[in-house]
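**Student:** As a plain string of letters, each chain reads:
Protein chains: 2
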Amino acid sequence: MAGLKALERAAIVAVGSELLTPSKLDTNSLVITEELNRLGIDVVAKAISGDDRDELAAVVRGLLDRVDLLITSGGLGPTDDDVTREAVAGVVNRALVEDREITARIRARFIARGLPGPMPEINRRQAMVPAGARVIPNPNGSAPGLWIDEGDHVVLLLPGPPRELRPMLKELAAGWLKARAPGLAMVRRVVRVTGRIESHVDEALQPLYREWERADPKVAATILATFGSIELHLTVRAPSERAAAASLDAAVAAAAAVLGSHVYSTDGRSMEEVVGDLLVERGLHIAVAESCTGGLMASRLTDVPGSSRYFRYGVVVYANEAKTTLVGVPAALIGEHGAVSEPVAVAMAEGVRARSGADLGVGVTGIAGPTGGTTDKPVGTTAIAVATAGGTTVRTFRFHGERGLVKFQASQAALDLVRRLVSG
Amino acid sequence: MAGLKALERAAIVAVGSELLTPSKLDTNSLVITEELNRLGIDVVAKAISGDDRDELAAVVRGLLDRVDLLITSGGLGPTDDDVTREAVAGVVNRALVEDREITARIRARFIARGLPGPMPEINRRQAMVPAGARVIPNPNGSAPGLWIDEGDHVVLLLPGPPRELRPMLKELAAGWLKARAPGLAMVRRVVRVTGRIESHVDEALQPLYREWERADPKVAATILATFGSIELHLTVRAPSERAAAASLDAAVAAAAAVLGSHVYSTDGRSMEEVVGDLLVERGLHIAVAESCTGGLMASRLTDVPGSSRYFRYGVVVYANEAKTTLVGVPAALIGEHGAVSEPVAVAMAEGVRARSGADLGVGVTGIAGPTGGTTDKPVGTTAIAVATAGGTTVRTFRFHGERGLVKFQASQAALDLVRRLVSG
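Line by line, the protein sequences give chains A and B. So that you can map any letter, position 399 of the first sequence is 399 in our numbering, and since no number is skipped, the others follow by simple counting. All you need for our numbering is the position in the second sequence, starting with 1, plus 424.
For reference, chain A alone in the conformation it holds in the complex:
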């Protein structure tokens, strides 16, 4: 591909009428942007088109001249409203021709997956290819991706389902896209913080912002607040990935020094991964007794591959009776203090620890809402206890937001308490 212009400016077009409704967002473009930026390719525009050939063609036509690389996601399915192939072929003036290898592959896929009946005839649409396009294999679905060279420009058609798009994108980033990338690397790092509010984090970082602004290469910082976590996104563009990474390492270390133990991750790991790694490192087992989080803490812990190495078991003891039967919380204790109280959280943590034989027992009890709150204990009130051989720690929190958010924040605070205790 020597001699071809580097791909510096990209546009991303998400295709799908559902993305023009009030309930769906295009999230594929975030993943695509991340991969492109890593290669030093800038995303200068994004667009969303419905499943309408003419509309999509107009969008593609409007963007194509302004960028080096235009990526579409979606609209490669087998049905009538999958129009991306047709729309793009029209814009770049190519005929659509059936690629029999693709047809054969789709047919084989139907047989291999034991799907009932033969391949529906409509799937043949997925084998239609604009003349001259390069086919990008799709190991996770029936529609292949397509790479079209149009003069110095590239149009790249990717499937919409994330589990098909992501691996295909990784392959391209390591191969065809990398070969056309400009010589600049853009690297991002995320510092994850919990237990602090956004404006405090922002204030603490002010002196660093000024330093990063003057640095060479410059470190760009953005703060993003999500429930239960604040993310500091740091970005550096440098002539090499190594140079960018070195500059980021220093910036991450400086931020971590300012924010202290509130930082739980600087390398992309989630809270449950950080906790899992700590437990493996120390050779510890954990067991959890959950009331208001309803299984979410166990589910997050077991989201991590290999979690059977440290996850002993979990109980979801929503009802008071279950708290007594499964982890031995005395009914009298619940009667005296209420189910949402520090003594009950402690009894849950100690009970599940004793019964499971795990090194750590966690008890979470709270009011997820929307009902069940009182003046004393409003919705969001949550008691969290962690029992270890050395004793039991208990804290009461008050979380805000709707039911799902209270559940998530409670699970986050419980995992964070485990993290702090285990890392000492």
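Don't read these hints as lab results, they were simulated from the structure. Do not rely on the hints blindly, as some may be mistaken.
With a straight-line Cα cutoff of 25 angstroms, these simulated BS3-like cross-link-like pairs (lysine-lysine) come out [said to hold, decoys possible]: (1) B:Lys448 with A:Lys218; (2) A:Lys178 with A:Lys5; (3) A:Lys24 with B:Lys448.
Stretches of chain B that chain A covers, calculated by requiring three or more beta carbons in the stretch to come under 8 angstroms of a beta carbon on chain A [claimed, not checked]: (4) 617-630; (5) 713-719; (6) 728-734; (7) 827-840.
Glycine included, C-beta positions come from ideal geometry on N, C-alpha and C.
With chain A fixed as given, assemble chain B onto it according to the hints.
**Tutor:** Just chain B, lined up with the frame of chain A:
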């Protein structure tokens, strides 16, 4: 405004360089779409531009001819990178003139809010108005909105912060926009299906698609495949909300008749809400024993407010020992058939039912991956059993995708099995 063309087709442009990074999504367009659809105005395209005057001008120019109404959000702030006014004024060929009333209002706002010092000179930018534009007051911020009539077209500039944009939009929807609305209502309904793949659902619906295409009012249909669920989105535009709803009721009923018991929701409810409502209706309690889903099924069940009415308890019995201790699965049974097997799923379901005293017991055991698969039992193999007073039903599934997806699909299939058994 008599005589002016109704606004039927709209495009929404979000302005802001942060919306072109891998971590930010344009969510303003969802709110805008909802308001427009309610007025019968269709959103046919969305776009996102960075804070660059020329880029934004190109986006606006490309969209303006294709729609009746173009709405921008963002880029009306006081700083140099707030370029929406300049970009749009350029496209519609108007001079920017200072509106002294706006300047006075911003100045008063600074004083009223007790902000330190006088109004910074840069805020004067916010008083610049394309000649002939109508000014939309902003009670929640300093930048007013702008309404520009350009022939039959309208360009509407709204501020980016949601707390400024939303009230302004409400005002417009009740006033200026309503006056130009097409007098049509647009209503949406979603039919949710599980246990079928997209192309089979699509094929089964072909005759209906043709019927809907010819119907008056026309029913627009889009299929959306997500893991564990396929969504059929139906949209109708009709002279009144009532007429649209009646036509949708008929369409939903026709789709449900074709797809049969695979349809689990036609009114927006999630699978866990449907199952919860069924359990309440029949006065039944449920308890779950989860291995591969790791608490996700309990967490989904307890995501529903009021789930304490039917959720007895859950155990997350990842380890074999836990299966024996907590739900009485005989170790010999695990030895003979393996932990992922129908006999073990049955023993888990019956064990948790017996111990909890619930009417229904669910057992889920599978290989979530990425490791742990064998030739006989590849990753994704999952046995699901539901025990009731009438006996126990067990099924084996093979799910595809990464760990999180296998977990979700397994929880979905288990909830669906409960749904089918309870609804009889």
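**Student:** Against the structure shown, which of the earlier numbered hints fail to hold, in ascending order?
**Tutor:** none
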